[in-house]
Amino acid sequence: MSTQVHATLTEEQVTEISEDLGEPEWLLETRLDALDALEDLDMPEVIRTPGRDWTNLDALEYERLVDPLDRAQEKDRIDAEGVDVLAWDEALDEHGDLIEDHFGSVVDPQRDYLTALSTALFSAGTVVYVPEGVDAEDVKVRTRMNSQSLFNYTLVVAEESSSVTILERQSTGEETDDDQFYSGVVEVAAGENAYVQYGALQNLSEDAYNYQVKRGHANTYGTINWIEGNLGSRLTKTSVETRLLGDGSESQIVGAFFGHVDQHFDLASRVWHEAEHTTADLVTRGVLDDEARSVYEGVQDVGRDAWDTNSYQRENTLMLSDDAEADASPKLIINNHDTEASHSATVGQVSAEDMFYMTSRGVDPESAKNMLVEGFFVPVFEEIAVDELRDDLEEMIAARLRQ
Amino acid sequence: MSSDQDHLKDTDTEARFEFKKEESSAFEAEKGLTEETVRVISEDKDEPEWMLERRLRALEQFKELPMPDDWPGAPDLSEVDVDEIVPYIRPDIETRGGAENWEDLPEEIQDTFDKLGIPEAEKNALSGVGAQYESEIVYQNMQERWEEKGVIFCDMDKAVREHPEIVKEHFMTKAVPPSDNKFAALHGAVWSGGSFVYVPEDTNVEMPVQAYFRMNSDGMGQFEHTLIVAEENSEVHYIEGCSAPKYAEFNLHSGGVEVFVGEGAHVQYSTVQNWSKNTYNLNTKRAICEADGTMEWVSGSMGSKATMLYPSTVLKGPGATDNHITIAMAGEGQNIDTGAKVYHNAPDTKSTIESKSISKDGGRTNYRGLVHISDGAEDASTSVECDALMFDNESTSDTMPYMEIQENKVDVAHEATVGKIGDEDVFYLQSRGLDDDDAKQMIVAGFIEPLTEELPIEYAVEMNRLIELEMEGSLG
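Protein sequences appear in the order of chains A and B. The working numbering puts the first residue of the first sequence at 1, with every later residue one more than the last. The working numbering puts the first residue of the second sequence at 404, with every later residue one more than the last.
Only true hints are included.
Straight-line distance between alpha carbons at most 30 Å, and here's what the computed BS3-like set of lysine-lysine pairs gives:
{"hint": "1", "chain 1": "A", "residue 1": "Lys369", "chain 2": "B", "residue 2": "Lys753"}
{"hint": "2", "chain 1": "B", "residue 1": "Lys577", "chain 2": "B", "residue 2": "Lys719"}
{"hint": "3", "chain 1": "A", "residue 1": "Lys75", "chain 2": "A", "residue 2": "Lys140"}
{"hint": "4", "chain 1": "B", "residue 1": "Lys812", "chain 2": "A", "residue 2": "Lys369"}
{"hint": "5", "chain 1": "B", "residue 1": "Lys571", "chain 2": "B", "residue 2": "Lys719"}
{"hint": "6", "chain 1": "B", "residue 1": "Lys823", "chain 2": "B", "residue 2": "Lys708"}
No lab work stands behind these hints, which were simulated from the structure alone. No experiment lies behind these values; they were computed from the predicted model shown.
Using the sequences provided together with the hints, build the complete structure.
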């Protein structure tokens, strides 16, 4: 695969990144191992049906997209009382052991080619540490990307009986001469009875390529809820995942996307039920205009020992243009019969009846359509705990409709 | 006796055997399926040159195509030994499917036959034992009725000789080309037997055409090819297989079914598969449906060790409709991977897929389906419903649908549910005096009703009996 980047990557570059961040030896080694592994790793899995690859990741010229030492970015970190929201170098100083315990424990640093690339090259990072019993609201991390490529890493550790709501957003600050590449890895460890809502809003430049993997481990009675908003980038490949490892743990994965022009969103929501009395709810709503294409995979995997499981999944796509394409594959893998599981997926356009209702009340068709599309996203908005995320997502959708 | 059998009898001489022996070194030199083997099959059937060419082309493709083993959660096919096919399919060797004597069949199969109350003649026909003369008569009678209407119903080998124009046009060209998948290619190279149905314009074959009586008539039912051509505004219901187990010594079944639904025509293809539980059942079934035509697939998969079967329909003309009803039941050691594929390639096309699966005693069922709506297929609508019932915690039930929607004026809905047998339902029935087993059997019978009501009554009754048998003693 000549288009891959590792031919031009060197250990020196990786070492330089690591040294600049003042990293300990074990982390440098993890990075170098990941670099070393690139050669043998495959691209993240994409869905293949007869004669079609739903997303072609091999076609990207990573060598051109990735400039490992160009790391320019801006970050705002807004913390809440009792919580540490720290930049990577500070976090290593203050919570070195915590990081060593958790780094790579949720997302395998060598899970696939792009994850390993991110492990080797990440230069920006944030640690959110919520100590036992602390309730924290509205932690915000805003990243503006000003470099050719940016590799970002986020670790959230929520200790026993703590709770936190987090907003992470990515946007483009300065564009570079070439298409940009953003890569993000997020690990969430929710302790016993901990609650984490992790909301993300991705609004990168529409020339950017975006790869993200977000994964959480929910302990006994723990809850991990994800909000995943995608509006930007030319091509996005993400997977949002929860392993329900503790009895009574829960997870919700809520997605919203709005693609236009020639945007391509490959989005996955995956949940593994691995303990008793666990609940999962996967909801994704998306709109496609122009020649945009969405690829959705939802996986509900119920393990042999997951007695008394409840697992639900819904995906709805609205097509505003005849040239758009919506592909969907909601999957159920059930190994325990003590399960109530369902999934559904629909694709359609704005309902003619709804349009008629609106226009008969004097609303012009354009406004009527816009209102109906905005209304379509309401079930997603309702799940968002951080106001800034909800307001911005609403605003961006409204703006895109009126473009 | 058909000329086919005459031919077999005439050529099945000692001298011919000797000749084959000379050739046997060629078989051994290159292990697996060789061109020579395919030539022998074709020659044995006295086939025209064009069919031999098609076989050889398929053989080339078989060698090149990969095994379908990289699908997520696909059945393990590593035990399928394609090399073993060679001795099996060589027409000069007497080890074709079926056992020599009724008594040689495994006990469980004899037992099932008895319990289903299948008459002796049918038993013989179904197990490939004997020449099934009694069923031949029934078959002949039916044939005369159809012939008056211009309907053709004969075995595929005969069709190749007697109706070459129709066969040449449709046989593994547009619907199931050998390039489709490895087992379609294998089928194309070594196919033998099967049925040919031709229904002329404006003809309605009121009564279902059944391949029931002629199963394994030439002992090579494992690679049978079925070709159904229904001309404009015609109607036919074809039923294949039966609910009694088909026993085969060799462990691979790879059939091919092609259906051409003309404008405004209506074809229903119903099949209940109950292969013995050592069989790998890898079929390719496809229909091409013209404007305003209707294709209906009704499939029940009960038997086999592993099944990979996804009946497909290409909705080619505007207003075409496709309906799928599939039922899968997997018990101990079984992996039933079934589903449906529909391509909406024209406006106003409709499809519905209704899938029901039951897994128990460690069995695994998987619904794997694809719905593709092409750009331009305006006002297409599709609805997919998958329901799975699980009996115990050793079993697995997967649902893996794929939807590709390239058109915006569509109505696409997919829904799936998985659950265990409802305690409440069982309690309700028990409180009315049924015991636990009967209650559960009744719930299952209700669960699969969408299939049974599509089948003629005698099949439906047998299906229900079969489910009862499958569940006997397995309920906790």
